[in-house]
Amino acid sequence: MKRLHGLAAAPGVARAPWVRIDPAPAPAGGRTTAAGVTGEIKRLADASAAAAVDLESISRDVRDDGHPDEAAIFEAQAAIARDPALAAMATERIKDAHDDAIAAVQAAAGAFAEQLRSIEDELLAARAADVIDVGDRIARRLAGTVQPTVGLDRPAIVAADDLPPSLTATLPRDRLLGIALAGSSPTAHAAILARAYGIPAVVGVRDLLETLTAAADPGGRTELAIDGATGDVFVDPDDATIGRLDATSASGRQRHQQDLVEASLPAITHDGIAVSLVANIGTPDESEAAVALGAKGVGLFRTEFLFLERTSPPSEDEQCAAYERAIRAFAPHPVTIRLLDVGGDKPIPYLPIAAEANPFLGVRALRLASTEPDLFVTQLRACYRAAAAGPVKVMAPMVADAGDVDLLLALAERARMELVDEDCPIGEVALGVMLEIPSAILVADSYFGRIAFASLGTNDLAQYTLAVDRGNPALERYRDALHPAVLRLIGQAVDAAARVGIDLSVCGEMAGDPAAALTLVGLGLRSLSMAATGLPAVRRAIRVSDATALESTVRAALDDASAQAVRARFGALLPEATTA
Amino acid sequence: MISRDVVFHDRYGLHPRAARRIQASLDGITATVSLTNLGGSDSTVDARGMLALISSGIRTGDRIRVSADGTDEVAALAAVGDLIQSGVCHPDVGP
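Going down the list, the protein sequences come from chains A and B. Quick note on numbering: the first sequence equals residues 0 to 579 in numbering that gives the first Met the number 0. Quick note on numbering: the second sequence equals residues 0 to 94 in numbering that gives the first Met the number 0.
Simulated from the structure, these hints should not be mistaken for laboratory data. Quantities reported herein were computed from a predicted structural model and do not represent experimental measurements. The beta-carbon is built from N, C-alpha and C at its ideal position, and this holds for glycine as well. It is possible that part of the hints are untrue.
Stretch-level coverage of chain B by chain A, calculated; a stretch enters the list once three of its residues show a Cβ under 8 Å from a Cβ in chain A [to be verified]:
id, segment
1, 0-14
2, 28-35
3, 55-62
Chain A is nowhere near these chain B residues, computed Cβ spacing over 12 Å in every case [unchecked claim]:
id, residue
4, Thr43
5, Asp45
6, Glu72
Using the sequences and the hints given, assemble the complete structure.
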């Protein structure tokens, strides 16, 4: 067995013999003569139109399969084939350089692709592949050849260097069990299509084709196994690996049943440390599923759904009704409502936010309150009113220091006093902050005494601590919040909270990752909030752990050189069931 | 000629599908329409040009001036401006 590692592109496990696909090279271009120019220009126009018709037909097929978003990929490719700019540049090549139509269209597509690759945005630069794909399709039309469709004579995993989107869409899906690519990226159209079709895929697998060539036996019976959720690739997997992967795929449904049964078990370590597991929700509609998976309350109720994609702000009554729905679903456990978290990167037509070079370092979230206090007072009024239905906590995002805490407390007091003056029934609201800016942790002692709780937003905390744009795929190395620098900051927050005796929890993605959750317990966290789907695995991991051992592991991890080293330490402590 | 400034709100930037929707929003409109990226490059591209649009490097958060010229320029500005403002394909609703 040989184990390779790539990037997870579409979840699921596949195990089967592989079929290597080497997309046929585009036809070679040639030259024409002065006499041939007019004819080549005409041929180019006809071939471009024919390629566009082909692509529109693929688009229709994909749409008829129930994937309208993915169909749009090919509609866009058809529009590229019809773009007069492509024809104009190719025509110029025919006229001036006497390229034949094939060479001309390849040169023109290549020039546009080059322009795309120079864009300083990985996602947009990756779309150069679409332009090349279109250019090749027109060239094939000109040469009278077609990209041979891949006929799989039996169920197989397709292995290739890369797959152009149009080829991916035409693979025979009844026999396509998985996709493994040496190149490409999780944001490429091949990966997007695989996710839409539910086909497991791993991309960016270094040495894939070389390893497969070396392992090939004449009968083609050697198997390949891929795990599209982890990026693992096994060439000629051994029995233990096969057993583990089969268990992963076969037990998916059983697992969910087991999750529901285990939902009532307490998240308590061997040595008796209880951890409160609660849910992150984005709308009240998610409450039922979270309660079923054992969420004992909500640690992060994102409220942006109420504010986005509308032309006027939601009324106090509308907000109150939405909050009450969640509060009733989780009662008697508390629901933690996060105040509006938006900035220059999110469109809110009724809330003019000036364009900013760095919206994540700009006027966002609570920082909007200095110019839009009524927006926040209305939301806080809705929270106080909803609190009459059950326990409510409210936290402010983007808090940098004590001054922001003063602002939060003043806004909340204004909301509360207004309601008291109006004789409106209200409930108790615990006020707290999100810890996502490093400064807020460094000076926590200056304001922790005035709030009831704090919650670590580890996604942004890692982004701001490590100076890593959350959306930039080029910075993958820095993405892991288990970085010792982040852990040290979390440790400081734990100490500061203990000094004044306020509750501290975590509501970032980190809490839903079993290895990271154990790290957080080792750091002293006793409340973790995560997407509800993460609850079962984290509960299992905690139930087989020993808090004392986690604490000593954390002490060593703080001196590790990288997040990977920390992850290895805690990954080794996970129960087999959560790593499979 | 009339123009309108909007913020580009597709979280993946001006990718091919977004370009196609912008192009398609002008079906039946005769006015010439262009987009100018007021943020960095200040470059101007034809709103009907697929390759020009996707090569423009417009990203979410960029300020865009939509300009239209022709008898139906008002309709053109509304069609393209509203589409861009509403997020084209992927309204930028972050975590």
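Comparing the hints with the structure gives:
Given as covered by chain A, the segment 0-14 of chain B passes the check, having 7 residues with a CB less than 8 Å from a CB of that chain where 3 are the minimum. Residues of the segment 28-35 of chain B with a Cβ under 8 Å from some Cβ of chain A number 0, which does not satisfy the need for three, so the listed coverage is violated. By the rule of at least three residues with a Cβ nearer than 8 Å to a Cβ of chain A, the coverage given for the segment 55-62 of chain B holds, with 6 such residues. Every CB of chain A is more than 12 Å from the CB of Thr43(B) (nearest about 14 Å), matching its label as outside the interface.
A beta-carbon of chain A is positioned within 12 Å of the beta-carbon of Asp45(B); the least distance is around 8 Å. Residue placement check: Glu72(B) keeps its beta carbon more than 12 Å from all beta carbons of chain A (closest about 22 Å).
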